[in-house]
Amino acid sequence: MKHTISVLVENKFGVLARIAGLFSARGYNISSLAVAETFEQDISHMTIVVDAQDEKILEQIKKQLNRLIDVIMVVDFTKKEHSERELILSKVNYSAKNKAKLKALLDKYQAKIIQCKDETAVIEFSGEQQEIKQLVHELEQFGVKELVKTGRIAIAS
Amino acid sequence: MTGAQILIECLEREGVEIMFGYPGGVVLPIFDRLYDSKIRFILTRHEQGAAHAADGYARATGKVGVCLATSGPGATNLTTGIANAYMDSIPMVAITGQVKTFLIGNDAFQEADVTGITRSISKHNFLVKEVKDLARVIREAFHIASTGRPGPVVIDIPVDVQQAECDFIWPQEVSIRGYKPTMFGHAGQIKKATRLIAESKKPILYIGGGVITSGAHLEVKELAETIQAPVTMTMMGLGAFPGTHELSLGMLGMHGTAYANHATMESDLIIAIGARFDDRVTGRVSAFAPHAKIIHIDIDPTSISKTVEVDIPIVGDAKNILCQLLKEIKKKPNTNKWLQQVHEWKARHPLRYAHHDDKIKPQFVIEQIYEATRGEAIITTEVGQNQMWSCQWYKYTNPRSFISSGGLGTMGFGLPAAMGVKLGCPDKTVFDIAGDGSIQMNIQELMTAVCNKIPVKIAILNNGYLGMVRQWQELFYKKRYSSTKLCNPDFVKVAESYGAVGMRVANPKDVRAAIEKAIEIDNTVLIDFIVEEEENVYPMVPAGEAINRMIGGMA
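Heads up: the protein sequence lines correspond to chains W and E, in order.
Each residue of the first sequence is one higher than the one before, counting from 575 in the numbering used here.
Each residue of the second sequence is one higher than the one before, counting from 1302 in the numbering used here.
No false leads were mixed into what you were given.
As a list, the in silico DSS-like pairs of lysine-lysine whose alpha-carbon atoms are at most 27 Å apart:
1. K1779/E - K1660/E
2. K1481/E - K654/W
3. K630/W - K1493/E
4. K1628/E - K1493/E
Covered stretches of chain E, as calculated for chain W (at least 3 residues, CB under 8 Å):
5. 1416–1422
6. 1473–1486
If you are wondering where the hints come from, they were derived from the structure by calculation, not from laboratory data.
Virtual Cβ for every residue (Gly too), placed ideally from N, Cα, C.
Build the full structure now, drawing on both the sequences and the hints.
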């Protein structure tokens, strides 16, 4: 099961390595990771998405995250009400021929084109996992050249 | 002040009286300041020895042990000692020099990524990139090392930071927002615990190193006597409850006493205090204490329900929680029948070995050390059979009197640790009970002991084998003794060439006299006891078995 874990940490060098180490030492892959400064400059916020095969091990990892000196707070959003978003950028084929069809699709999702160049459009979209999946699926008919995701971020409701 | 001056000033203010270590290129500014400092510096012969000595000093005194090494190989040599202290939750500050800040990451001479290497084997670590941070970092390091669940903290200081100048400001307080150990137990949990205690018929106290760390030994004794429950100890917990007390069952687990293991398995309530259900204690987890409810008192939330699911966790300092608990206990369980049963197990399955008139049994040597020192010595051990026999055949009555590498199981720990112990407790007789294999892993520290007049006593149980591995090969690998037969030096001559006193004893009749003589001599003494070659440690729970499935006919 995928877990979205939110961690408030000291904004210092080495902190990311400590946190990543707790997962890697157990052979756990981090599916996505988003890190940035918060409102307060000396605190960073990390949103970690991890696929836990064993809930007990994940429980242990969460406790060990809390034990790290540089970790201020850990919240597992999995069973809590929260809002979740991920931003994607995607390059798709863009020509006079498919222009109208693509625009109609993007309108449906409230996605937008942020750049056009050499018959390629860069599309920006942010949404929940299911919407992203659907949009990417529908974009495939135009020919997806590249897809970049930020990883999820989440906030408690 | 320079960074090096600030470091020494801070160490003195932290109350550091003694340090262990080894100089090198990038710690020259620190060593230059040490030259004028009142801190006693013990030059070991290997950095691993320095880390273990600092560790032993910390275990014996309860103070923070401090070691110092240069960058690169100096620092990597410390790592085994750091990992050892981490596994056993020992307060230690390890200071390493680092190459100049602008050379970090350039594969400079004697460069190693020390914070990277020690990240998973230390409680915390720091790379100090600016001299203005140094005083605060040192203050935080000592605070982190010595509070909560203690552990080693590494401070990596580049040489240019040691040379840089800034105003010295001593931080009056330490406040780390992500680090606030819970000190007192949750009142509701304590109430629930008292209810379970009152309802129990077969309670047992299972206590570990946390009792010693927190100084809760008197409270443990009061609890055991109040509710009339037997007490079993982990290896790290030996000494936390008097081994001579009628409620003591000694150590449990793989080489624990049969009665401790039976009592644990049959109990209906386990009160675990500062212990972490290590695999050497639980045996097969699914079969562990099937009828027991478990109360688990520990300062580290990650220890709770890690391997064994517990019913009532109480997070906090053991001493505080026991004081709270003792106040709350109104109704005591009736344990007469239970104690009678425990007593029967004790009578039926005592620790035993077959004495021999011509050959020295290793257990006999330890018994004789126990008698000769009236149980008042501090014992350090190496790792293996020597260690397990030391757990079984010496009765520890005081906390901090048994010093051994528990979690990591580091061969070569005993001798340097003994030096640290002796320096911390100069009035105590200190014996390192060693094997002929382990002692050679840090035998160079004999020079440190002699040179610094640290009169530790070393008893080698010399069976010519890596005994514990040989025992497993005998029992589980059809006696195929692959790489366990040892070719040894003449230990007496080795001792003498270092300036220590060496003795060899091959006859059981001479054991006691040699021990007494060693105690009297005011020098480092090594006794080479030639013991039975293929003696085994029993009882023994085979790996992966339930702990009441012990082998060993004598037990």
